[in-house]
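Generate coordinates for the entire structure from the input sequences, incorporating the hints supplied.
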Amino acid sequence: MEIKIELPLTQDKVKALKAGDSCLLSGVMFTGRDAAHKRLFELIKEGKELPVNIKNSTFYFVGPTPKREGEAIGSAGPTTSYRMDAYSPSLIALGQTGMIGKGTRSDEVIKAMKAYGAVYFGAIGGCGALLSKCIKKCEVVAYEDLGTEAIHRLEVEDFPVVVVIDSEGNNLYKTGREAYLESLGEEK
Amino acid sequence: MREISTNRITETIKRLCIEANCKLPIDMKTCIEKSREAETFPTAQGILDKIIENYNIAEKETKPICQDTGAACIFVNIGQDVHINGNLTEAINEGVRQGYRDGFLRKSIVSDPLERVNTNDNTPAMIYYDIVEGDKIEITLAPKGFGSENMSRIKMLKPSDGVKGVIDFVVETVEKAGSNPCPPIVVGVGIGGTFDKCAYLAKKALLRDADSANPIPYYAELEDTLLTKINALGIGPQGFGGKTTALAVNIETMPTHIAGLPVAVNINCHVTRHVKEVI
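Residue numbers (the working numbering), protein chains in the order written: chain A, 1 to 188; chain B, 189 to 467.
If you are wondering where the hints come from, they were derived from the structure by calculation, not from laboratory data.
No experiment lies behind these values; they were computed from the predicted model shown.
Keep in mind that a hint or two might mislead.
Listed next, the in silico EDC-like pairs over lysine to aspartate or glutamate satisfying Cα-Cα at most 16 Å (straight line) [claimed, not checked]:
id : chain 1 : residue 1 : chain 2 : residue 2
1  : B       : 248       : B       : 207
2  : B       : 238       : A       : 158
3  : B       : 417       : B       : 360
4  : A       : 13        : A       : 178
5  : A       : 67        : B       : 249
6  : A       : 133       : B       : 241
Simulated restraints on C-beta separations [stated by the list, open to error]:
id : chain 1 : residue 1 : chain 2 : residue 2 : range
7  : A       : 27        : B       : 230       : 39 to 45 Å
8  : A       : 27        : B       : 318       : 51 to 57 Å
9  : A       : 183       : B       : 308       : 44 to 50 Å
10 : B       : 290       : A       : 24        : 33 to 39 Å
11 : A       : 47        : B       : 334       : 30 to 36 Å
12 : B       : 230       : A       : 106       : 27 to 33 Å
Glycine included, each C-beta is placed from N, C-alpha and C at the ideal position.
Written as structure tokens, this is what we have:
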């Protein structure tokens with residue numbers, strides 16, 4: 001059963017989510033990948049103001065393809081998240097509560113997620129055409145010079161994700177694999 | 189001597205860039221659909237269904253299957269009886285430029301690995317040339333995403349490590365990659381050659397149809413052994429658990445030195461794109 005969630009992801013919603021939950025997200029999220037994260041991180045280090053409000057924000061690690069006329073966005077599936085690991089703890093400390101990507105996260109990121117309350121969602125990698133259907137609006141809000149890597153503000157409707165790591169540090173990449181291997185044992 | 193114009197090459201490359209990125213080849217569809225039938229774990233079944241739905245949407249709407257439309261890896265076999273009017277490399281890059289622009293594909297190449305400024309036209313392409321007999325040009329175009337490219341590894345094994353060493357290294361590489369390269373994956377394995385040739389073989393292995401086997405029975409068997417071992421890891425589609433961690437293992441080999449046993453593993457995702465055309 002899919003859980004419908006309205007963004008922003010406030011702490012009460014963060015705490016209710018558990019690894020393995022399938023969710024449909026609706027509301028506003030921001031895109032950001034390598035280059036944008038690096039710039040945000042540098043601003044944080046210098047104590048400067050950020051171009052977007054991080055409090056209760058959800059960031060989708062994605063670099064979409066260019067849109068055609070009549071489309072809200074091009075293909076837009078998740079990119080591999082570990083490349084953001086160096087930057088995510090600082091954003092989580094500023095109140096970022098949601099991240100959407102694919103693949104593993106570092107112990108430092110998980111530690112920050114537990115300390116401040118944040119959720120890491122997985123979207124299906126390599127399904128950019130399908131996922132783009134749930135993105136209704138897309139506009140650049142910062143770093144336009146970065147092209148696909150600019151920060152875009154997205155309005156999404158029923159965007160499908162799975163909770164991979166919850167705010168207690170439970171990790172579907174561990175439990176999912178274990179559950180499958182256990183299911184084999186039961187068959188035998 | 190047969191004359192081939194650079195315009196024709198540019199036009200072909202442009203068309204192949206768009207086709208490769210929007211239409212998954214039939215060998216990949218076959219492998220994914222067979223894996224879906226064989227998959228027993230419900231979460232994994234659901235993900236494979238979405239993967240199938242995605243490539244059908246992409247093909248119908250001529251939309252990129254994946255937003256990472258890749259580095260344009262291009263393998264050109266040039267017949268020695270062909271004469272090309274003009275600059276071949278420039279003609280190929282112009283085709284990539286036009287294909288990525290007109291096909292609304294993502295431009296993912298930075299001009300310098302450390303300065304990291306986007307070239308904004310996805311050039312330069314990663315090109316390999318080979319001189320072959322005949323009066324034709326065979327072009328294989330394989331856009332390569334980097335989520336999976338980043339999980340690739342090479343190791344210079346000792347001859348005494350033998351086939352066990354090869355198996356252990358390949359399986360270890362896939363296990364370390366885990367959920368990162370968008371499983372289910374295709375595993376390209378190069379064995380032999382020198383350090384550089386071995387990596388090239390692994391990339392070339394990814395050009396071969398995923399439902400094909402190495403023509404040498406010993407290596408065809410090794411491909412099966414590796415696929416079975418990889419799919420026993422339980423990583424599953426997207427790393428959420430399941431049988432379908434890899435769709436195929438393709439091995440390419442060549443002679444090597446008496447002192448060495450190089451092994452390279454080039455990982456690709458379930459969007460293993462490759463198109464071929466002969467001019």
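Going down the list of hints, with the structure as the test:
1. B:248 x B:207: Roughly 12 Å separates the two Cα atoms, so the pair holds.
2. B:238 x A:158: holds, 15 Å
3. B:417 x B:360: Answer holds: residue 417 of chain B to residue 360 of chain B is near 10 Å, not above 16 Å.
4. A:13 x A:178: violated, 27 Å
5. A:67 x B:249: Holds. Residue 67 of chain A to residue 249 of chain B sits at ~12 Å (cutoff 16 Å).
6. A:133 x B:241: Holds - the C-alpha atoms of residue 241 of chain B and residue 133 of chain A are around 12 Å apart, at most 16 Å.
7. A:27 x B:230: 39 to 45 Å: violated, 29 Å
8. A:27 x B:318: 51 to 57 Å: holds, 52 Å
9. A:183 x B:308: 44 to 50 Å: holds, 48 Å
10. B:290 x A:24: 33 to 39 Å: With a Cβ separation near 34 Å, residue 290 of chain B and residue 24 of chain A satisfy 33 to 39 Å, so the hint holds.
11. A:47 x B:334: 30 to 36 Å: Check passed, 33 Å falls within 30 to 36 Å.
12. B:230 x A:106: 27 to 33 Å: Between residue 230 of chain B and residue 106 of chain A, where Cβ atoms are some 30 Å apart, the hint holds.
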